[in-house]
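Protein chains in written order, with this note's numbering: chain A, 1 to 302; chain E, 1 to 426.
A hint or two may mislead.
[Unchecked claim] In silico DSSO-like links for lysine-lysine, alpha-carbon gap of 30 Å or less:
hint: 1; chain 1: E; residue 1: K230; chain 2: E; residue 2: K155
hint: 2; chain 1: E; residue 1: K52; chain 2: E; residue 2: K115
hint: 3; chain 1: E; residue 1: K251; chain 2: A; residue 2: K87
hint: 4; chain 1: A; residue 1: K224; chain 2: A; residue 2: K87
hint: 5; chain 1: A; residue 1: K87; chain 2: E; residue 2: K252
hint: 6; chain 1: E; residue 1: K115; chain 2: A; residue 2: K161
hint: 7; chain 1: E; residue 1: K52; chain 2: E; residue 2: K113
hint: 8; chain 1: E; residue 1: K245; chain 2: A; residue 2: K87
hint: 9; chain 1: A; residue 1: K87; chain 2: E; residue 2: K154
hint: 10; chain 1: E; residue 1: K154; chain 2: E; residue 2: K321
hint: 11; chain 1: E; residue 1: K252; chain 2: A; residue 2: K161
hint: 12; chain 1: E; residue 1: K186; chain 2: E; residue 2: K377
hint: 13; chain 1: E; residue 1: K188; chain 2: A; residue 2: K161
hint: 14; chain 1: A; residue 1: K161; chain 2: E; residue 2: K193
hint: 15; chain 1: E; residue 1: K126; chain 2: A; residue 2: K161
hint: 16; chain 1: E; residue 1: K186; chain 2: A; residue 2: K161
These are computed hints drawn from the structure, not numbers from a lab.
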Amino acid sequence: MTSVEHAAAYLDEDRPAENTGERASWFQVAPLVVVLALFFGLPMIVVLVVSFFDFDRTDIVPAFILDNYVELFTRDVTLRLYASSIKFAAIVWVVTLLLGFNIAYFLVFHVQSLLMQIGLFLVCTVPFLTSNIIRMISWIPFLGRNGIFNNALESSGVIGKPLEFLLFSDFAVVVAYVHLFTLFMVVPIFNSMARIDKSLLEASRDAGAGRFRTVFEIVLPLSKTGIALGSIFVVTLVMGDSFVVRTMSGGQSASVVSALQNEVAALQYPPAAASAVIMVVIVTLMVAGILRLVDVRKELAG
Amino acid sequence: MKRINRRLLLKGAAAGGAYAAAEAITGFPTVWAQNTKDVTLVHAGGSYAAIKEIGDQASKDLGFKVVMQAITDDVQLNRSLTQPTSIDINNIDSTKLPYLAGKGVLTSIPISKYKLWGDTVPLFTKGSYPNGTMASTQGLAPIEAMFYESADGKKLASKPTEFLTMIPTIYNADTLGIRPDLVGGKDKVTSWKDLLDPKFKGKTALVDYAPVGVMDVAMALEARGDFKYKDKGNMTKEEIDKTVKIMVDLKKNGHFRSFWSTFDQSVNLMASGEVVIQSMWSPAVTAVRSRGIDCYYVPLKEGYRGWFVGLAPMAHLSGLKLDCAYEYMNWFNSGWQGGFIAKQGYYSAVPSTAKKFLTQEEWDYWYDGKPAAVDIKDPYGTLMEKKGSVRDGGAIWDRMGNIACWNTVMDEDRYLTRRWNEFISS
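Next up, chain E with everything else stripped away, as it sits in the complex (with noise of 0.2 Å):
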């Protein structure tokens, strides 16, 4: 503790304006230490990222508070844009970045104050896999979204600069959640396109947020071949309208069962049996399967769709809050909140200090697709998966690197939330 402090004096005297005119005043460098004591940080964000539990690990390694507060979606939009300065550091995941990059809300991070940028996946520093492969550019990608061309934070560059717009924290590869009791077998569902097939009429569902369900019907539509996207990560029209014409014939077929907006909601569909196919997230496959109901996270051949979250800093942050946030998205992804969310089943942007919080047998079951050599429990110590039991999917790049589309906001969002609107009340 005493060492960040001082790091942070250092850091703070450099920084000069009011500080070092306070720090002349007393002259005593232990006024810094002082005064990060009384420093508070909101970190606000989805309920799956924004823990407590890492707020209050974090409060206890740096010596000032940090704050989490879990918001849904909207909220945090709105917040962000209506009053930007109730946030410090905003975990937005990619697709909010449209929203509020160029607004003045959020600063740029210059690469200089991040230690652990050589480190991170190279998925976020070049876009690649680590075999070297460039990863799929359709919907948002990662390299599409991680850099600001200049220090104003104004506009969005495609390719590496020296400005970052967020610190890449947790991200993950989405696919459709089965019942394999109820379909005749894991093996029974291999391909988007069975997200359509009538067998399972009433039986399935999406979610209902008009950007991610739209996408997984369209991976479904591609896959049977209906037609094929010039990139389904971002629409025109004529495709939109394509799309939404083929879901509301399915869903007056009475196709779809329901569309969930939580992740009780899909867990619940799921354990019910009232669906046995659906757009659902990985730790609420694992949620239906900690009730003894099997489910499955099915590897698809066209492969998954990816996201991933990072920190912002907001722009209204300057002089020893803004050391301390700082501070505090070093200390994020330096190993106790990678070890703590990959008992969740996220990978963290720096895998290599996430495995220090790991045991052996967690990082070869989480990381590694490798058969769980003990039973694996999530981070609150409940049992989730048995000995012996294997990741679905595999390995992180397996998964993380057979993405075929990025979760996204299309350039003709406002159309998409029209139609997907008149998809709901058809």
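Next up, chain A with everything else stripped away, as it sits in the complex (with noise of 0.2 Å):
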């Protein structure tokens, strides 16, 4: 914690003397600042000029319209899409929280070896050992109708008929996301509490707070980056994806991406691209909300 004041306490501090580093450092960021703008900069501004742009069956016709926005504006089922898609973000991030939170905390205070912790940790990653395809559709056959998770319920007679929200339903896509990231969310929650000094813990204890308070007066507040990190992860992902809510609904529900790749798929560019920019304020507007909660920096800076 010292080290963090005295990191925020330098970079704070105006000093003239410095300037020749502060020329190192421009230098230093130039790099990524030429890839940032190769590669996000120019492609983000030729997807904001299209979506002004006019289109007929194959080809798009430069012009500055605003009908693919205002078509956008006016339809509801943009409305039902972006519903749909923060409804299961919301979802994902309060489940992956809760374990990831769980999670790293067993791994950080409950684990005493750190041999033990990183094996543990390591295990944690063995998942993405295989593709994220395979990892989401080795569920289908355990979900289906006449699938293992049914049959061993109807078999052990808890169930008379198979269960059919298992599988090509929201919870289906619900499981799916989680199993599929909750790691984002253990790793920077791992980090942020690794660095916790244990002597607080034993303060807190010693000044007669029990387990829980502990945890939410003294744990929880400063894993907030790690928390926020996660967040950030598990947010942009869900919001980015298709093929997940396509594949485990069985095409039942349909995302933001899903309906823009629709689109792409029948040429249909301009509405594609309007659809993306506004995809790209949102989701770049949660991002800053998350950001504005928490300090991030602190995190990079300790």
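Once you've looked at the hints, go ahead and assemble the two chains, each given alone in its own frame, into the complex.
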């Protein structure tokens, strides 16, 4: 903690003697600026420009029209798609946060030996040794009408007929998201928690706080940066997804991006570009909101 | 191989230009044989058509290289329009023509360059079945898609001309696939309207592709007597609205279990019993059966939904490469390919050549709808059907001769895509 304060003080101070150092740091960020400008800035500008173009069956026609945006904002389907994507993002965020926080807490505070800690942490990453697609698709035979789970429940007499809601439903989509994205929550929270000085917890206990009070008043505030970073990963991944929704809902649900993909497939680039622009704005606002609540720079500086 | 090269040479000499000049300089015809060896043709198409084995065989027979690229429909359309030179032979289905014709990316084929036109089934040359009756023109019928008005390939003509849009290759008749064991028997489903029958609630699926998905429902609605379309293959906005409204209600009631977007998904839905009746492709039905699970491609009384694909040379081809392209397209329908894909359940546009590459028993089973006299195997030698089984729907013209509507792109396709998106997200 002291090192964080020190670093912050160091950054805030504006000393003229540091001018040469400032120039050096500009040089240091230059490669990143160039890469971002070329591979992010430029394509974004193109998308923005195309979103105002007109189009017919196969061509995009340079123009400046607002039709694409007007249509986007006046159709119910836009609202429905965003509502559905945000709903998934919220549910998945809550579940992965609960899981991520608890797993990280267990790894950091309950596992005593460092070797064991590293070992268990690596176990968490094992699923990442196979591809995303395989991990997701494996759920299909498991959750299906005649799948392993339904068969097990039926043969044990818990249910009389198969549960239909398990597969090709919002439930299946959430299961797949949680499975795919929980690790993105675990890692940054683990990182934050590992920096917590253990003596703080001892002090809290000495001062008479119970276990839960220590968690809520010491561990949680000090893991905020990790939670924020994990949330950014999870929220942007869910908002930008189309494949998981499509596969796990059996095409029953759509997301903003899957609708955008349908437009691209039908060669309707300008409305797809308009949709992408709005998507970028909304996701940026969500990320900005998270960053306002938590100063993530602390994590990086510490 | 020698013979082919010589033929190429003669054509090339006639083509003149730079090539004639090149020949004049060296003075030796062998330069041509040398040249064709270095030619590579990129053949791009759907995975069901752009099959590696066919490219390998062509390379062997022709002496130049044919590279097969299996790509999805939207990628194909995108590449055709934005990077046309990345494809040489475009293996398109008929519904791509309204997008590509007149865009300057495809070139027309003078009939004289295609030697097998006379042996091609009349469906493509005249728009009729072999018995002389005209085929349905709902949707984009072969007669409407096969010809350009003139050599410049600007506009489709809906009657025979001297300029082909593509060399027709394979075609088939699509219908619904069912699980006879789960619907109570093969004879329990006889009409398209059964797709919407409440007793299959939660056990039906459609393909997640607007033009086909909506058309399958339209067939069902018409069969059920809800209303009659003027042309199911070219609906008006009102007709689309009426259809989609019913579809949304069905979806909200949980009538559909899934919307599949890949071949494998349709196979798995059926094999796992998630779905008992759905839109399906013929090889998918066979794939389910090869897992030992009963599946039936039902001949429905209202008829089939037909489709066809072909090879279209790209406009950037010229000189030697264009000659090789013609050579390749002629080879394509000369039998080997037709025999290969017959064993996957597709028909060749020139059945008489395909016949030479099939055994009598195979021909009887695939084309004539007779009971299999021996076990029927797929092109890779895997058992497909046991001795004694009969092809669903019977002989070629019992199936292809009963097309209710052809796959198509509607005039209102933009509106259709929009409404389909709303349907999927509802």
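Evaluation of the provided hints:
Distance check on the hinted pair: K230 of chain E and K155 of chain E sit about 24 Å apart at the alpha-carbon level, within 30 Å; holds. Between K52 of chain E and K115 of chain E the alpha-carbon distance is near 25 Å, which keeps this suggested pair within the 30 Å criterion. For the proposed pair K251 of chain E and K87 of chain A, the alpha carbon gap of about 20 Å is at most 30 Å, so the pair holds. About 23 Å separates the Cα atoms of K224 of chain A and K87 of chain A, which keeps this hinted pair within 30 Å; it holds.
Proximity of K87 of chain A to K252 of chain E is assessed by CA-CA distance (about 19 Å); at most 30 Å being required, the pair is judged to hold. Using a Cα cut-off of 30 Å, the hinted pair K115 of chain E and K161 of chain A is violated, with the two alpha carbons roughly 61 Å apart. A C-alpha spacing of about 25 Å is found between K52 of chain E and K113 of chain E, which places the hinted pair at or below 30 Å, so the restraint holds. A C-alpha spacing of about 25 Å is found between K245 of chain E and K87 of chain A, which places the hinted pair at or below 30 Å, so the restraint holds.
Distance restraint check for K87 of chain A and K154 of chain E: the Cα-Cα separation of roughly 49 Å exceeds the 30 Å cut-off, and the hinted pair is therefore not satisfied. For the hint linking K154 of chain E to K321 of chain E, the alpha-carbon distance of about 22 Å falls within 30 Å, and the restraint holds. About 22 Å separates the Cα atoms of K252 of chain E and K161 of chain A, which keeps this hinted pair within 30 Å; it holds. Distance restraint check for K186 of chain E and K377 of chain E: the Cα-Cα separation of roughly 24 Å lies within the 30 Å cut-off, and the hinted pair is therefore satisfied.
For the hint linking K188 of chain E to K161 of chain A, the alpha-carbon distance of about 24 Å falls within 30 Å, and the restraint holds. Taking the CA atoms of K161 of chain A and K193 of chain E, the gap is near 28 Å; set against the 30 Å cutoff, the hint holds. Proposed proximity of K126 of chain E and K161 of chain A is contradicted: the alpha carbons are some 55 Å apart, above 30 Å. Note on K186 of chain E and K161 of chain A: the hinted pairing holds, with a Cα-Cα distance of about 25 Å set against a maximum of 30 Å.
Violated hints, in rising order: 6, 9 and 15; the structure is consistent with all others.
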